[in-house]
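Visitor: The residues making up each chain are set out below.
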Amino acid sequence: MNLNTSAEITWCPGCGNFGILTAIKNAINELVSEGIPKENIVIASGIGCHAKIVDYINVNSFYSIHGRVPPTLTGMKLANKNLVAIGFAGDGDIYDEGISHLIHAAKRNTDITMVIHDNRVFALTTGQFTATSPKGFRGRSTPHGSIESPINPIKLMLASGATFVARGYAGKPDHLKELIKKAVKHKGFSFVEVLQPCVVFNNTYQEYNKKVYNLNAEGHDISNFEAAVRKADEWEERIPIGIFYETQAQVFESHFP
Amino acid sequence: MNTVTIGGKAGDGIKAAGKLFAKILNELGYFVFVLDDYPSLITGGHNFNKISFDKEELFSHYVETDVLVALDEKTIKKHSKELKKGGVILFDSNSVKAKGFGVPALDLVKQVGGVRIMRNVALLGALSFILGIDFKIVKKVLEKTYPKAAEKNVAIAKLGYNFAKENTKQIMKLKRVGKPKELMSGNTAVAYGAVKAGLDNYIAYPMTPATPILHYLAKNSDKFGVKVVQPENEIGVINMALGSAYAGAKTMIGTSGGGFALMNEALSLAGMSETPIVIAEIQRPGPSTGVPTYTSQADLNFVINAGHGEFPKIVVAPGTNEQAFYKSAEALYLAWKYQTPVIILGDKHLGESLRTIKIDEKKSKKAKAKLSKGGKNYKRYAMTKDGISPLAFPGMKGTVVKSSSYEHDEFGITTEEPEVVKKMQEKRLRKMQTIEKEIEKLEAVKVYGKGKNVIVTWGSSIGAVLEAAKSLKNVKIVQVIYMLPFPKKAVKKHLNSAKKVVCVEANATGQLANLIKLLTGIEIKNKVLKYDSREFDPIGLLKELKRWLK
Numbered sequence: 061m062n063l064n065t066s067a068e069i070t071w072c073p074g075c076g077n078f079g080i081l082t083a084i085k086n087a088i089n090e091l092v093s094e095g096i097p098k099e100n101i102v103i104a105s106g107i108g109c110h111a112k113i114v115d116y117i118n119v120n121s122f123y124s125i126h127g128r129v130p131p132t133l134t135g136m137k138l139a140n141k142n143l144v145a146i147g148f149a150g151d152g153d154i155y156d157e158g159i160s161h162l163i164h165a166a167k168r169n170t171d172i173t174m175v176i177h178d179n180r181v182f183a184l185t186t187g188q189f190t191a192t193s194p195k196g197f198r199g200r201s202t203p204h205g206s207i208e209s210p211i212n213p214i215k216l217m218l219a220s221g222a223t224f225v226a227r228g229y230a231g232k233p234d235h236l237k238e239l240i241k242k243a244v245k246h247k248g249f250s251f252v253e254v255l256q257p258c259v260v261f262n263n264t265y266q267e268y269n270k271k272v273y274n275l276n277a278e279g280h281d282i283s284n285f286e287a288a289v290r291k292a293d294e295w296e297e298r299i300p301i302g303i304f305y306e307t308q309a310q311v312f313e314s315h316f317p
Numbered sequence: 008m009n010t011v012t013i014g015g016k017a018g019d020g021i022k023a024a025g026k027l028f029a030k031i032l033n034e035l036g037y038f039v040f041v042l043d044d045y046p047s048l049i050t051g052g053h054n055f056n057k058i059s060f061d062k063e064e065l066f067s068h069y070v071e072t073d074v075l076v077a078l079d080e081k082t083i084k085k086h087s088k089e090l091k092k093g094g095v096i097l098f099d100s101n102s103v104k105a106k107g108f109g110v111p112a113l114d115l116v117k118q119v120g121g122v123r124i125m126r127n128v129a130l131l132g133a134l135s136f137i138l139g140i141d142f143k144i145v146k147k148v149l150e151k152t153y154p155k156a157a158e159k160n161v162a163i164a165k166l167g168y169n170f171a172k173e174n175t176k177q178i179m180k181l182k183r184v185g186k187p188k189e190l191m192s193g194n195t196a197v198a199y200g201a202v203k204a205g206l207d208n209y210i211a212y213p214m215t216p217a218t219p220i221l222h223y224l225a226k227n228s229d230k231f232g233v234k235v236v237q238p239e240n241e242i243g244v245i246n247m248a249l250g251s252a253y254a255g256a257k258t259m260i261g262t263s264g265g266g267f268a269l270m271n272e273a274l275s276l277a278g279m280s281e282t283p284i285v286i287a288e289i290q291r292p293g294p295s296t297g298v299p300t301y302t303s304q305a306d307l308n309f310v311i312n313a314g315h316g317e318f319p320k321i322v323v324a325p326g327t328n329e330q331a332f333y334k335s336a337e338a339l340y341l342a343w344k345y346q347t348p349v350i351i352l353g354d355k356h357l358g359e360s361l362r363t364i365k366i367d368e369k370k371s372k373k374a375k376a377k378l379s380k381g382g383k384n385y386k387r388y389a390m391t392k393d394g395i396s397p398l399a400f401p402g403m404k405g406t407v408v409k410s411s412s413y414e415h416d417e418f419g420i421t422t423e424e425p426e427v428v429k430k431m432q433e434k435r436l437r438k439m440q441t442i443e444k445e446i447e448k449l450e451a452v453k454v455y456g457k458g459k460n461v462i463v464t465w466g467s468s469i470g471a472v473l474e475a476a477k478s479l480k481n482v483k484i485v486q487v488i489y490m491l492p493f494p495k496k497a498v499k500k501h502l503n504s505a506k507k508v509v510c511v512e513a514n515a516t517g518q519l520a521n522l523i524k525l526l527t528g529i530e531i532k533n534k535v536l537k538y539d540s541r542e543f544d545p546i547g548l549l550k551e552l553k554r555w556l557k
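If you read the protein sequences in the order shown, they are chains A and B. By my numbering, the letter at position 197 of the first sequence is numbered 257, and the numbering carries on one by one without gaps. By my numbering, the letter at position 529 of the second sequence is numbered 536, and the numbering carries on one by one without gaps.
Okay, chain B solo, but in the shape it has when bound (with noise of 0.2 Å):
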């Protein structure tokens, strides 16, 4: 396992260099974890990427970094101490001032007119050679990713790859291991995931660290047939949404912390009207503003709490990309199934970071309802034992859709007769009785090797844990995907079979730590949580899971 890192400021093209540099890995067939850090500014400041690559397959960054590449001399500063041994810094002499190999970077750029922010292919051609990685690989990246403009990106490379090769040694030589897989972030995965279970709308307002899914929608809008709109504010997005359902277009919004806390009034109506509806809450670090552009799961307890009064709704908390992609269609599919609202739970780092994955559209779920075939007393809420009542749409010939969000009888015309008003609440809770049975069909939980210890975790927290687990032995890790309806057989049965238990999540409070107590009984005392806004790593996370399960 190897990591590259790459710094600089804010406009200096460091997440392009980091997904370039990705792209080229992936093209060798290494697995990648791509870790985008940057702060909440747009010229300027820190930003870095960590790329780290493995022939094995690989869940998180790692910090230990063997070639650090500096377009600023802050990188060096924040980032020297984590140089493996044998480690290269990799600078632009022009601007930075450091030990190790100095690429005039500008100067390059200059020499064949490209512009300043080029500096950053400059480097990864010079970095490429230092990593032993064949030209060919790198030029075929670039005229991939840069179509209209591959010739002077592809001749800035070769000169920093020249440069590197007339004035430096290799310290790797990295070939082919094997065949190129899906590079995708865990928000892409998102959106992708409910494209191919048949979305036909998605609905945002820009916020961080959700806006990625409305970009990628939002560009691929017309390949996809998908309609983006950016409405005027979280509440106008969940209200069109919930319009555009009830027409009969399948609908997805997007946003984090604060806009879903905005949203949650008419959460509530979507419950009561039955209106189906998959909302992605990316969380970032609260409370109120708190850091955005960096990662938390304190979002737990408000969002399975979410919406006034009693609903069935569907929480699901993806851990990996490939997760992000088959989870996302499955909410889409479960949302229409039930005619309620699910709400995929991500964060940051799962929404931000890269990975190489191997996703099987065959094997996705698709959106579909019980459909009605309407007809002059059509009742939108019919009493079933189920609790679902066929859909039928505005515009079907002879038919009459009424929904609402006061309580109604079957017609969804207005009621206040207290026998109509419990029998609706009764109808609509069978639906999550009739969910939960087919959540236990669903990957609720997803069980990871054997050993009398086990470590529970969910969400992103799970790729760190994926590695650190592979330098710890007898350990069993549980990770829970779905939070609402919450899987307590499966969980219980994991956990009293333990002999120790750690539960390791991003939040102050250990979350999920309380809920299994709430809802199994098992009190977990060891509790490995992060709460500085950034994710853990595999190394510092392995100390701590050491310690307790000595």
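Here chain A stands alone, though its shape is the one from the complex (with noise of 0.2 Å):
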């Protein structure tokens, strides 16, 4: 199924966003495939350069504003429980200006996936740091370096209720494919965290392709929360992506007739 639309896409070339459009185009391809009617599939985005993946993906969508993703999505479950509710938001986006909506949507247990695009910097804005940014980031705003420490978002997500978190590569769409599909048919808060390269202001190709593994193939027992705290905390010698955690609870719109 061509799901592409009359949108010219303006991503920089070799912009960790094309990864992420590749996989979610086979995973929304697939899905459709293997039974979700594709009427029923609806996505939505913040602002910035992960937004403008709606307008490349001829499925309804919803174009919201900067930070505000969850509430929208959960807002569509609430009128219409059938919908397949994908997310898309960067850290910017979702860790600085709306990152009390991703605690709280996670906390609720809300039926949608939230696919974040953590480049690890304000890209469209030429780059300014985010919540992810690594502490001593120089950008246009930090002159002499970011001085605040990251914050770790799946340990985040992990404390807030999410009960799928995932982490994937956007150098490894077809990874990414999988983990967004087993994150669409999770019944509940689904977050998956995608490292993502900006070639322009945060290009970490390199650094990622070196330290990525794939925690889900070393044995990571995916039911365990402790295990999956600790996995949260590796980063400096080896960055682990797959699902960390997965539990089931009881959906939010479940609780109204």
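Simulated from the structure, these hints should not be mistaken for lab results. Incorrect hints may appear among the rest.
[As the list claims (entries may be wrong)] Dumping the calculated PhoX-like pairs for lysine-lysine here, alpha-carbon to alpha-carbon at most 25 Å:
#1 A:LYS232 to A:LYS271
#2 A:LYS141 to B:LYS226
#3 B:LYS380 to A:LYS98
With the hints as a guide, dock the two chains, each given alone in a separate frame, to form the complex.
Guide: Okay, here's the thing in structure tokens:
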């Protein structure tokens, strides 16, 4: 199924977003062929480079505002439980501007999937530090280096009650596609953090290519919360991708008749 | 017209007593208005209710009191000067020392094993005797209000009633004068009106004085088939509501000024994405936290100018509880017809005052959008003459619905092309022209009485104005109900033919008067403004009006 739209893709050549776009398009195609009605799929995005993705995929979409995707998707599910709601957000978008919404969507266990394009920089506003930029990050608002330490999104989501917590890498679109499919099929709040290099402001391809490994291929027990927290701390030597944690809990919308 | 004032500490059941007494009066067929005055605290302080009643239609409470019911001494200190000649002070002699008629309310409550808060019912029993109300009516109301604890409440009320019978005289004989009506607060009327118009979802974060809408709809969620959600903050509220409406559910949200300020970013999103939404903004005095549990009409400028950019927006300001019902239904109807935000601008005095009203549910508007059959080439933002693009929702087979906060083409895809940007801006603003025509047909201005002098007012201030005008001759009252689009023609017509004009509103700068000047060129020099955080009272207002209209 061709999911292209009339929109011209305006990401920089080599942008990590291309890998994410490929993964999501392939995931949607496979999910539809596995029986999810295409008309029930709805995607939403915040504001930033990531957000353009909704213009590039020919499914229902709501191009929302900065940081507000989780409540927007929650509202959609409240109106129509049959919708399959997938949200996209950037690190600045959802770990800075909209962090309270992300935490509360996880806490509520709304049956939505959030895919976070985490390039660890504000790119569309030309390179300022975000909540996940490393300490010392030099950007135009921090010429002497950022003085703040980054947050750990995986740990944050585990602590907030997310029932599906995963990390993918834009440089491994096939693996990311599988993660997104599992996240969508998971009943409850699914969180997929995506390592996304920004070729202009924070090019992390080399670092990620060297350090990334699939934790699910190394016997990680995804039902073990403590093990997930331990894995969430892993970063300096090796960076785990895959499913950190999955559990089942009652879905928010199911409380309503 | 008579008034009873009931006062005590927060936690003494003052509001409950006021409502019970209002129900008793309603049962007898009286027109009733209840002012609920309470400070921003949970236990202690000073709460009071003023329950005014009359055989004729009543639009406001009055301050002057026939009976003062005191559950604490502060009530005596604060309100005894409001007592009319021949008025009675009725108090709990177990906790208050005062001149008047003391009832050992706490002792009576204890006799039947009741709890302290039930002192209010003991005094209500005594009050009912003093006003010559048949105890059967009191019993009926208590049984209806407390179906699970009826027996004890009736027993306590009876003890109070009998104590009064044995120890004091009746000052009135209140007999049945008509049929009971609906006893409803403005907030409840806003909620109920929306329900009758087809509300599916109500989303709100608690904020006084809009919270009663949330409570009422949460309590009646199953009965009305309305889903009620309390998200993390007001920004979450409005964005959740927009997602809900995008997916086809008729959605309303509610807040006060501060919460509405937080919603402004997404208000503009509603305008751009053409997503229907109704926002109840129940004003309280600002700036900032202000005086949270009291009343004001100072958000008019803010609300009509809210949201960045230029987009169609409707602001309706009901003044009476009936209007709150009809205009709330109308708000949902307009939001869905024009796919744009509609703000119901209420205030604490409208929202939390109870009034006996008659509403005809059949006459309320129903929300219905112009729908599209969808299909492969569905254009969410199709160019049309009236600016309204037929709606489709996600879930429609073979249809892709793309909504956007960015400027977009007809399919909803982002554009930065100047020609498209211009056309889309014009399309959205064309809706405003269509709206303006429709508003003229709705009751955008309500005129009461005839006369050469004109009183212009809006919102809940209409209540005290209507009461004050009962003592004025040659006066026409013009109540502006739609603030945006503003009914320029009608207002101009009434003001141009007037000998003297005075504007009455509860803010410090005369926001309606300024708006009238801006939009009609007519300058209103005579203004009665109130900005002490309290509502107008008819007698005080009458004095001011007489000064201006002399």
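Visitor: Work down the list of hints and note, for each, if the structure agrees.
Guide: A quick look at each hint next to the structure:
1. Between A:LYS232 and A:LYS271, the direct Cα distance comes to roughly 13 Å. Compliance with the 25 Å bound is thereby established for this hinted pair.
2. In summary, the hint linking A:LYS141 to B:LYS226 is supported, as the alpha carbons are separated by about 23 Å, within the 25 Å threshold.
3. For the suggested pair B:LYS380 and A:LYS98, the alpha carbons sit about 17 Å apart, so the restraint of at most 25 Å is met.
Consistency with the previously given hints is maintained throughout, with no hint failing.
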